[in-house]
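Chemist: Using the hints, position chain Z against chain L.
Protein sequences appear in the order of chains L and Z.
Going by the working numbering, the first residue of the first sequence is number 193, and it counts up by one from there.
Going by the working numbering, the first residue of the second sequence is number 39, and it counts up by one from there.
Simulated from the structure, these hints should not be mistaken for laboratory data.
All values derive from a computational prediction rather than experimental measurement.
Don't be surprised by glycine CBs; every beta carbon is placed ideally from N, CA and C.
The reader is advised that the hints may include incorrect statements.
Claimed, not checked - Computed spacing ranges between beta-carbons, pair by pair:
#1 Z/Asp336 with L/Asp455: 36 to 46 Å
#2 Z/Ser180 with L/Gly225: 54 to 64 Å
#3 Z/Gly320 with L/Gly501: 15 to 25 Å
#4 Z/Pro78 with L/Thr270: 34 to 44 Å
#5 L/Pro499 with Z/Ala382: 51 to 61 Å
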Amino acid sequence: MTALLEVRGLVKQFPIKTGLFGRPKSFVSAVDGLDFDLHEGETLGLVGESGCGKSTTARLLMHLVDPTAGTIRFEGRTVGSSELPLKDFRRQVQMVFQDSYASLNPRLTVAESVAFGPLVHGVSGDEATSRANSLLARVGLDPARFAGRFTHELSGGQRQRVNIARALALQPRVLILDEAVSALDKSVEAQVLNLLLDLKEEFRLTYLFISHDLEVVRFMATRVLVMYLGRVAELGLTESLYTGSRHPYTTALLGSLLSMDPDHRAESAPISGDPPNPIDPPAGCRFHTRCTYAEAVCSARIPVLTPLGEGHSVSCHMSEPGSGHARAPGRAA
Amino acid sequence: MTAASVAGPRPAGAEPALAPGEPILDIRNLRVTFTGGPKPVRAVDGVDLSIERGEVVALLGESGSGKSVTLRSILRLHPERKTRMQGAIRVAGTDVMALEGKALTDFRGKGASMIFQEPMLALDPVYSVGEQIVEAILRHESISRADARRRALQWFERVRIPSPERRLDAYPHEMSGGMRQRAMIALALACNPKLLLADEPTTALDATVQVQILLLLRELQRELGLSMVFVTHDIGVAVEVADRVAVMYAGRIVEIGAVRDVIRSPRHPYTLGLLSTRPQGGRLSGNRLPTIPGSPPDLANLPPGCAFAPRCTFAVDACRIAAPEVVEVGNLHHVRCLRTDQTAQVVTSPGTLLP
Numbered sequence: 193m194t195a196l197l198e199v200r201g202l203v204k205q206f207p208i209k210t211g212l213f214g215r216p217k218s219f220v221s222a223v224d225g226l227d228f229d230l231h232e233g234e235t236l237g238l239v240g241e242s243g244c245g246k247s248t249t250a251r252l253l254m255h256l257v258d259p260t261a262g263t264i265r266f267e268g269r270t271v272g273s274s275e276l277p278l279k280d281f282r283r284q285v286q287m288v289f290q291d292s293y294a295s296l297n298p299r300l301t302v303a304e305s306v307a308f309g310p311l312v313h314g315v316s317g318d319e320a321t322s323r324a325n326s327l328l329a330r331v332g333l334d335p336a337r338f339a340g341r342f343t344h345e346l347s348g349g350q351r352q353r354v355n356i357a358r359a360l361a362l363q364p365r366v367l368i369l370d371e372a373v374s375a376l377d378k379s380v381e382a383q384v385l386n387l388l389l390d391l392k393e394e395f396r397l398t399y400l401f402i403s404h405d406l407e408v409v410r411f412m413a414t415r416v417l418v419m420y421l422g423r424v425a426e427l428g429l430t431e432s433l434y435t436g437s438r439h440p441y442t443t444a445l446l447g448s449l450l451s452m453d454p455d456h457r458a459e460s461a462p463i464s465g466d467p468p469n470p471i472d473p474p475a476g477c478r479f480h481t482r483c484t485y486a487e488a489v490c491s492a493r494i495p496v497l498t499p500l501g502e503g504h505s506v507s508c509h510m511s512e513p514g515s516g517h518a519r520a521p522g523r524a525a
Numbered sequence: 039m040t041a042a043s044v045a046g047p048r049p050a051g052a053e054p055a056l057a058p059g060e061p062i063l064d065i066r067n068l069r070v071t072f073t074g075g076p077k078p079v080r081a082v083d084g085v086d087l088s089i090e091r092g093e094v095v096a097l098l099g100e101s102g103s104g105k106s107v108t109l110r111s112i113l114r115l116h117p118e119r120k121t122r123m124q125g126a127i128r129v130a131g132t133d134v135m136a137l138e139g140k141a142l143t144d145f146r147g148k149g150a151s152m153i154f155q156e157p158m159l160a161l162d163p164v165y166s167v168g169e170q171i172v173e174a175i176l177r178h179e180s181i182s183r184a185d186a187r188r189r190a191l192q193w194f195e196r197v198r199i200p201s202p203e204r205r206l207d208a209y210p211h212e213m214s215g216g217m218r219q220r221a222m223i224a225l226a227l228a229c230n231p232k233l234l235l236a237d238e239p240t241t242a243l244d245a246t247v248q249v250q251i252l253l254l255l256r257e258l259q260r261e262l263g264l265s266m267v268f269v270t271h272d273i274g275v276a277v278e279v280a281d282r283v284a285v286m287y288a289g290r291i292v293e294i295g296a297v298r299d300v301i302r303s304p305r306h307p308y309t310l311g312l313l314s315t316r317p318q319g320g321r322l323s324g325n326r327l328p329t330i331p332g333s334p335p336d337l338a339n340l341p342p343g344c345a346f347a348p349r350c351t352f353a354v355d356a357c358r359i360a361a362p363e364v365v366e367v368g369n370l371h372h373v374r375c376l377r378t379d380q381t382a383q384v385v386t387s388p389g390t391l392l393p
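Only chain L is shown next, with the shape it has when bound in the complex (with noise of 0.2 Å):
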């Protein structure tokens, strides 16, 4: 498979404190070294605990906000270079926020939100609001009730649905969905990720699916991404993972799982305690303050992002060969 997205070494660090004459005296390390490449065709899901930095790797993607370091390239293009203009990415990846109310606007009706971004790029006025048409007719919004309404006449999922045919105005070739469907109650939800689904396959999508709901990714993606205080923990294909995960986070957050059976409730916790505030993360692997396997490796050194074949990757000092820790494997011969 072909990497449409290459990102390497992301970071981004936010001030919070400045001090004499404006100058940071300290950082939100937001994501901090973020390597991934996203496949044509895949649907990628991002997953973590609020503060793990998904939110802000959807927004440097799409360069809303700047990065510290790190580059990203679209087929092989730098994002933001000459190579490839910010307008000309913007065009093959678009975004679908979680506040589908906040991310439109007031002033406009649903078929001139949908047709605004054609008209940005050039498309002819005409062209546009036939697009704009269609594209609110495929995601279930008859053109001719929905495209003169406001906003504030639409529930949220119609709202969501909208937003989707935004995003699909410019013909992009990759979406980034943030939480995408988490504002929705679930009778909505669903009818929401079958039009996704639908959507990927008509119009040949690739899809980065940012969501906390582990089902919800489990069902929508081909590989997953877990990450952790704004570092990758584990990667690998949906089902490997869920079903063989190697890094004790992942695990745990798939041992919170509610079962849904009264017979077999949760009977303790996977781990204790609260993520690690951001400002001041700990020293080495992030998550060894949490971790029921940490040794004095964990907190010494980062631990490297170690592959396991079949595409499965895993940051964790038990996985990696020559670690250090009790549990690592020997250095391969």
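Modeler: Structure of chain Z alone, referenced to chain L:
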């Protein structure tokens, strides 16, 4: 007050006895209409709910189903000038609807207390958490400030806040989300309420923290014999804590029964839909999810019959004429539906519901 009341967490069954068989919470035909907007909105439309001492009932529903409005009605938290409340609510024999002024504030916190969804908003940011608990205890009991603080500390230990002594003096923003929710639970229990209300207490928390809080609530419930109403939109959460589940739709309880019965053999088409629409355990990966068509109803324009009829695949003409009466489909299992004979067949045919 005697020294005994300073003892903090009370043992199970230390309450003054209720008349035998009298429920701790009894709601009869509750109707709540909000009149503040251009059109009156009937948020709760005839809810009957009765809870035994020591029982946990989950109110399950989507946004606008009336679950939180029902819960808040028990503490009479709705703005009085903009709300019309009808029906009867009794908590441990107290007629809540008749409470006024001081009697109402006495009741809040002591008769029933609430754990809110977002402790950051529910706690006062300018007082330390300990002060807020002490204030609540002093409001309801005439004990010394030092005793009240001792009791607050015991509750902090009880909800397992690490280094509790130091945390009592922490402000809400200095605590993590899970810790704040533990403090909220300590605050809600500090005055030994007869009934504990919880409004989506784990929804704002991360998955790994949610399990911890659910386990804590379940442990406290068991050890203190708490009676609880637990509002959630997440079936998984309801299964973890509740003895019985009441599924709400458009202001009515459409199905109520023991958790096992409602999860394994749901008989209302809405419950059936909710359960089969969930991606669970990778069971449907690669396929399309079964869906409930349409969207939740507009509470200002409810249809005359069953509010779910426009989205229901089982609906017949009779469903659209009058709201269905309650039908008993099993022991303590009740459904508001005319088509329970049809839904029974779905439940018994294999592969249509969760494994």
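Chemist: For every hint, state whether the structure bears it out.
Modeler: Verification of the hints:
Checked against the hint of 36 to 46 Å, the C-beta distance between Z/Asp336 and L/Asp455 comes to roughly 39 Å, which is consistent with it. Range check, Z/Ser180 to L/Gly225: Cβ separation about 59 Å, and the 54 to 64 Å hint holds. Taking 15 to 25 Å as the suggested C-beta distance range, the pair Z/Gly320 and L/Gly501 conforms, at roughly 21 Å. A hinted range of 34 to 44 Å is violated for the C-beta pair Z/Pro78 and L/Thr270, which are about 59 Å apart.
Hint check: L/Pro499 to Z/Ala382, Cβ distance near 52 Å, so the stated range 51 to 61 Å holds.
Checked against the numbered hints given earlier, this structure breaks only hint 4.
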